[in-house]
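Participant: In case you want the letters, here they are:
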Amino acid sequence: MSIDMSQFHEAFFEESFEGLEIMESELLTLDVGEGDVEIINTIFRAAHSIKGGAGTFGFMNVSEFTHVMETLLDEMRDGSRDVTQYAVDSLLGSIDVLRAMLEAARDNGDVDEGMVAERYAILNNILNKGDEAASNSEAEPVGAAVTPGIAQVWQISFIPHTDLLMAGNDPVRMFRALSELGEVQATVDLAKLLPFNELVPEDLYLCWTVTLAGDTLKADIEEVFEWVEDDCDLSITLLDDAEPRELGSDNDSPVVSTPPQEEITPPPASLKAESTVPVMENSPTKPKKPTEAASIRVGIDKVDEIINLVGELVITQSMLDQAGDDLEANAELSASGDSASQKINADILLRLSKGLAQLERNTRELQDGVMRIRMLPISFVFSRMPRLVHDLSSKLDKKIELVVHGEETELDKTVMENIGDPLVHLVRNALDHGVEIPEVRLAAGKPETGILNLNAYHQGGNVIIEIKDDGAGINKKKVLAKAIEKGIVSSHDKLSDDEVNNLIFAPGFSTADVVSDVSGRGVGMDVVKTSINKLGGRVVVQSEEGKGSVFTIRLPLTLAILDGQLVTVGGESYVVPLIAIIESLQVDRAQINQVAGKAEVYKLRDEYIPIIRARSVFGLDDGVDDLHESLMVIVEVDGAPVGIIVDELQGQQQVVIKSLETNYRKVETMSGATILGDGTVALIWDVNGMVGVHKKKSHKN
Amino acid sequence: MSTSLEPVSDDIETNDNIHQNQYLTFLLGDEEYGVDILRVQEIRGWDSVTTIPNAPAFIKGVINLRGTIVSILDLRERFGIESVEYNELTVVVVLRVKGDGKDRIMGVVVDAVSEVYHIAENELKDPPDLGYAINMDYMKGMATVDEKMISILDIDQLMSLRDLDQATESGEQLA
Amino acid sequence: MARILVVDDSASMRQMVAFTLKGAGHEVVEKNDGVEALTSAKTESFDLVITDVNMPNMDGITLTKELRSLSNYRFTPILTLTTESSAEKKMAGKQAGATGWLVKPFNPNQLLATAKKVLG
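Protein chains in written order, with the working numbering: chain H, 1 to 701; chain L, 1001 to 1175; chain F, 2001 to 2120.
Possibly wrong hints are sitting among the right ones.
[What the hints assert, rightly or not] Quick list of the computed label-pair ranges, beta carbon to beta carbon:
| id | chain 1 | residue 1 | chain 2 | residue 2 | range |
| --- | --- | --- | --- | --- | --- |
| 1 | L | 1087 | H | 346 | 39 to 45 Å |
| 2 | F | 2039 | H | 22 | 24 to 30 Å |
| 3 | L | 1116 | H | 107 | 46 to 52 Å |
| 4 | L | 1125 | H | 651 | 55 to 61 Å |
| 5 | L | 1044 | H | 107 | 28 to 34 Å |
| 6 | F | 2044 | H | 103 | 58 to 64 Å |
| 7 | H | 414 | F | 2019 | 28 to 34 Å |
| 8 | H | 172 | F | 2039 | 27 to 33 Å |
| 9 | H | 335 | L | 1116 | 31 to 37 Å |
[Stated by the list, open to error] Covered by chain H, according to a simulated footprint, are these stretches of chain L (three or more residues, beta-carbon under 8 Å):
| id | stretch |
| --- | --- |
| 10 | 1065-1074 |
| 11 | 1104-1118 |
[Stated by the list, open to error] Chain H is nowhere near these chain F residues, computed Cβ spacing over 10 Å in every case:
| id | residue |
| --- | --- |
| 12 | 2030 |
| 13 | 2039 |
| 14 | 2044 |
| 15 | 2045 |
| 16 | 2117 |
Honestly, the hints are just simulated from the structure, not real lab data. Even glycine gets a Cβ: it sits at the ideal position worked out from N, Cα and C.
Okay, chain H solo, but in the shape it has when bound (with noise of 0.2 Å):
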């Protein structure tokens, strides 16, 4: 009977990623020198699954990699071997190689044979170098080796001890074993029986002696006796052979077990070099973005809690279904114009309304309750974060304190898999870029540790996360200059200070003169501002020169609803979303001012704010209307705020975002569309792409 072990695959690789990241985590905790023992058996127990699970599922390559790692954790905590910085750090790196080789074999792809090689040369260096060789080069010798083919007569004395029996082994069992080697004749001697009442119930007082006839290897009857080589004297001969050779509990070599064990040896680095898989992109430190999973893990509380909700739900169904079936029985009467049946009428539309009422809440509990079950802590991405700033700061030979808050924020599954690459960016921006190197720090008068802060929190409908650093923040002036080079801002335009700080997300900004190794490879500030506006969520710095900068990231709940708030713009109702939103107000006319031209401004407290027409925007008439009492709403555009008038404002609703694309195709203005309540269509707004058409438009006239 085969089985298919695929099925297993998955759980076994989650489990795996998840041991990697104790053993992960657990390493940066260790401290070089004295070795907690926990810690380390915490590793190793970590290790010594993967090579347990990876053997069973056929994935050898990681099965015996990881033995090398365990051979070396294992030394560590017996205390044969010290926990030195570069066993750390290479144990470290092996994680990553391991992670790659799980990856690489989940996915079905290539792993970077060199590197692997390369590690193992690094690994068994370290070996090496101790008192003692690991123990994987022990060879297991196979017992004596007859030419099979041949029908041989083999004579087997078997006398257990007394106490074979305790353990749960039963001649009877090893018996039928041999009997389905070949044939068996087996007599039994008496001669350790002892009398009646002496008799212990549960030892054992036979003994036997086995003929056994067939095409057997030696090995093969040992196998039969393996388990309790230590419980009997076991002797077995072949007849016509001179030479019996013994077997029992003084012989210490070790027996074969089943199946032969091969002898687990790296593969020497030379041979590996030569090979011609290609070389994967990212560097081993790096860690890999993690798939999207097809699955997710819920806590059960909260499926009790959705099977809860959609019981109230039910409730309330009949409930309405009731009331319903009331009315329609009620009609024929009421309709004569009876007037108890009218009371009873009005009685039935109390109900209703009730029940409507009891409706809406039961569908936003499920809905929160639903959009939950897609909800995980923040730390999932977090996580990474210790790593990346322990091996970052050590390269850049920096000194960077991480604080973390809130890892148990919660936000959506699939934001989450897709806020790790820009947050690592900014991260290793904030390292490379904004603290500074000791010496400088010094200078400055600043502690020669330079802190990282890594918040997350929910406000208002949404998660915020902050990267603040006490580092140099940044700098205008190459910031602007740069900005007018690349033809970004002209040096004519007044920008604020926020204004100034936001270009770094500006399409085509680097002002690294060097594409340094750490934040550089083209990955640029802009692609982390549009991988986090895809999410439906913004991006903003705020910085002062000296004393350091804080990126702040507001993310929505979930990707598939949105609050929002319902304008009107030429008879049309379109959706705003609330995240992009700083405020909304009447117009007042004396503080509109025409700026060049044609650009119009407001004056609101005491900030010049550009405003655009949505109906401009969308090639509706140009009503050149005084905009008296119109409507505007201040929404936030590359940290900046701009008015957009439109013609009424409606409520404020949660929508469901439905594509355009999927159909249709990409509309600048618009970044999806939502169904109403009355069935129609409204589109949703893309703040950034009306103000991009606007642009366009006013360059155009």
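With the hints as your guide, set chains L and F onto chain H.
Facilitator: For chains L and F alone, coordinates are given in the frame of chain H:
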């Protein structure tokens, strides 16, 4: 978001044999046009649409088709024929358009739906050089049925993304 | 057929072992922790116990010893699952009272054959 539309005709792949070479024809003014029936998802009456800003004139807007957002084209405007007012008889033919690696659902506004005809491959002739002629790229050919001339359209070409993008940029029509 | 207790803190291994045994018609109870397994064994009866060795809280060796101290488990077959192929680990199991062992990696057929061997 996934499309959850129930097809009027059966799945393209499985029913090729039965419905091959069958065309649904419709009218635009005096002219009759045909489309492969296997591409017809459903036929609806005209209902209001939500306009899309800055879209070409022949894109009337989008509608809610059982939870999916589907765009609606006006073929008269697409072909540059004088447009008419929509009324209760106006019909929207919802089509499955293939292209650019995926399937899209789009609707076209027509005056009325006519018939379903079986037209064999060899009956399709190259279109003559007509005055207002539609761009030949958008036609599979012409056929004569019951003394009528029917222009068979290639909807994949007619409603390709590339064309939509171009038209949006230049605000052109297809004459 | 038989009632088997499978103890392993690795879910994938446990699932594989349980699935294989159930497929052969046995009744399987899974535990991912030695302490829970012991409690279970005390309240229910099993014909065979298969346990991993390396586990937190209570390892397989200790579990075996504890089981053997229970009167109804004195002769119950107990098999340890171990990846160590060295003699000491096997002996440690035996000394604790285990009937035998199964060395990982093993394939389902080996598992079934071994189970059959001890269940008679």
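Participant: Compare the structure with the hints numbered earlier in the document and write down the numbers of the violated ones, lowest to highest.
Facilitator: Violated: hints 5, 6, 9, 16.
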